[in-house]
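Each chain is listed here by its residues.
Number of protein chains: 2
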Amino acid sequence: MKLPMNYCSNCGHAVGRAVPEGDTHERWVCPDCSMIHYQNPKIVVGCVPERDGQILLCKRAIEPRHGYWTVPAGFMELEETMAEGAARETMEEACAEVEIGHLFAAVDVPQAGQVHVFYTAKLISDFAPGPESLETAMYAPGDIPWDDIAFPSGRFALEKWIEDDGRNNGVHAYTARRRLIG
Amino acid sequence: MKLPMNYCSNCGHAVGRAVPEGDTHERWVCPDCSMIHYQNPKIVVGCVPERDGQILLCKRAIEPRHGYWTVPAGFMELEETMAEGAARETMEEACAEVEIGHLFAAVDVPQAGQVHVFYTAKLISDFAPGPESLETAMYAPGDIPWDDIAFPSGRFALEKWIEDDGRNNGVHAYTARRRLIG
Chain A
1 MKLPMNYCSN CGHAVGRAVP EGDTHERWVC PDCSMIHYQN PKIVVGCVPE RDGQILLCKR
61 AIEPRHGYWT VPAGFMELEE TMAEGAARET MEEACAEVEI GHLFAAVDVP QAGQVHVFYT
121 AKLISDFAPG PESLETAMYA PGDIPWDDIA FPSGRFALEK WIEDDGRNNG VHAYTARRRL
181 IG
Chain B
1001 MKLPMNYCSN CGHAVGRAVP EGDTHERWVC PDCSMIHYQN PKIVVGCVPE RDGQILLCKR
1061 AIEPRHGYWT VPAGFMELEE TMAEGAARET MEEACAEVEI GHLFAAVDVP QAGQVHVFYT
1121 AKLISDFAPG PESLETAMYA PGDIPWDDIA FPSGRFALEK WIEDDGRNNG VHAYTARRRL
1181 IG
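As they're listed, the protein sequences go chains A and B. Quick note on this note's numbering: the first sequence kicks off at 1 and runs consecutively. Quick note on this note's numbering: the second sequence kicks off at 1001 and runs consecutively.
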């Protein structure tokens, strides 16, 4: 697996594939300035915002999975922690403030080059759809629209959150073997 | 924080900084082909390989922190899970096979744009220094060379591993606020 790359982002020369000296993997390398362009998985950070036993979900206004429900989650940015990223995504997607709890689910998505991590969270504000959401709503565990959940990783997080029932049972791990996004 | 970039890796044109429409962050964008070059944190995966109550450590043969001790850890690659990456790094750095257990420590390193995650592991083979290690050795918890541990994240993992004493106490979280690497 490699992400497409045509030109060196340092010097602009056309790049090629090679195994650098002392390395174990083939990389994009620049034959002109010798820069090695490493490509690594990205982290998606999310949370399960809870209040009075109900969970805040967002109906997606964007592709992929437009119109399906999800917990707030998105790509982690530079300069933030995973918990800060999960809270930021909740503000962006549901205009909602949360107090992040503990990391309870980690989902590897190797075909997409992603790792999805999920935190418990307490909802401590009002909520409303952000620009990437059509709707936001609170669901009791018994009323979650399982047939309309956007992604297997979010479904796994919701299932394990319900199983844990407020306890910290360590990290639930799962590998999603089919491409989820893109 | 941004990582340096001069030219578009898609078309070779010089890039500039801009906030794409609908985005919340400034990115490198190409004024010619319109490609947005997202930059996100990288994941370092490691483990604490244990046998008979002792821990396998590696003395680094490379910078940064040449000559200091560390648990096996390194950058996660595309196409692998976090657990597979932690096992691969142990094979590369200590020529050792492990059975990965559970994720027990997660360290955010925002200044370096990294997240370091650590797993418990059972050492199930012989061991020897790989090309990036000067020495490999087993240490009882009471004999760990704390003054010569390479990185704060690895020190945190060793401390919490000892505290947990074989139990799964969930993920211990820590934010390392000073640059660790580079």
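Keep in mind the hints are simulated off the structure, nothing from the lab. Among the clues, some could well be false.
Not close to chain A: a few residues of chain B, all C-beta gaps over 12 angstroms, as computed [what the hints assert, rightly or not]: (1) Gly1022; (2) Ala1112; (3) Ala1137; (4) Asp1143; (5) Ile1144; (6) Asp1148.
Derived pair list, reagent style DSBU-like, types lysine-lysine, alpha-carbon separation capped at 35 angstroms [stated by the list, open to error]: (7) B/Lys1122 / B/Lys1002; (8) A/Lys59 / B/Lys1122; (9) A/Lys2 / B/Lys1002; (10) B/Lys1002 / B/Lys1059; (11) B/Lys1059 / A/Lys122; (12) B/Lys1122 / A/Lys160; (13) B/Lys1160 / A/Lys59; (14) B/Lys1059 / A/Lys160; (15) A/Lys160 / B/Lys1160.
Using N, Cα and C, we set each Cβ at its ideal position, and we do this for glycine too.
Each hint tested on the structure:
Under the 12 angstroms C-beta cut-off, the non-interface status given to B/Gly1022 relative to chain A is violated; the minimum distance is some 7 angstroms. Residue placement check: B/Ala1112 does not keep its beta carbon more than 12 angstroms from all beta carbons of chain A (closest about 10 angstroms). The beta carbon of B/Ala1137 sits about 23 angstroms from the closest Cβ of chain A, which is more than 12 angstroms, so the claim that it is off the interface holds. Every Cβ of chain A is farther than 12 angstroms from the Cβ of B/Asp1143; the closest lies at roughly 28 angstroms, confirming the non-interface assignment.
A cut-off of 12 angstroms between C-beta atoms confirms that B/Ile1144 is not in contact with chain A; the least separation is 24 angstroms. The Cβ of B/Asp1148 lies farther than 12 angstroms from every Cβ of chain A, with a closest approach of about 24 angstroms, so its non-interface assignment holds. The hinted pair formed by B/Lys1122 and B/Lys1002 fails the criterion: a straight-line CA distance of about 38 angstroms is larger than 35 angstroms. For the proposed pair A/Lys59 and B/Lys1122, the alpha carbon gap of about 43 angstroms is over 35 angstroms, so the pair is violated.
Proximity of A/Lys2 to B/Lys1002 is assessed by CA-CA distance (about 22 angstroms); at most 35 angstroms being required, the pair is judged to hold. A C-alpha spacing of about 32 angstroms is found between B/Lys1002 and B/Lys1059, which places the hinted pair at or below 35 angstroms, so the restraint holds. Of the supplied pair hints, the one linking B/Lys1059 and A/Lys122 is violated, its CA atoms being roughly 43 angstroms apart against a limit of 35 angstroms. Of the supplied pair hints, the one linking B/Lys1122 and A/Lys160 holds, its CA atoms being roughly 26 angstroms apart against a limit of 35 angstroms.
Taken as a hint, the B/Lys1160 and A/Lys59 pair is broken in the structure, with Cα atoms around 39 angstroms apart against an allowance of 35 angstroms. For the given pair, B/Lys1059 sits about 39 angstroms from A/Lys160 by alpha-carbon distance, which is inconsistent with the 35 angstroms threshold. Taken as a hint, the A/Lys160 and B/Lys1160 pair is honoured in the structure, with Cα atoms around 24 angstroms apart against an allowance of 35 angstroms.
Violation of the numbered hints given earlier is confined to hints 1, 2, 7, 8, 11, 13, 14; the remaining hints are satisfied by the structure.
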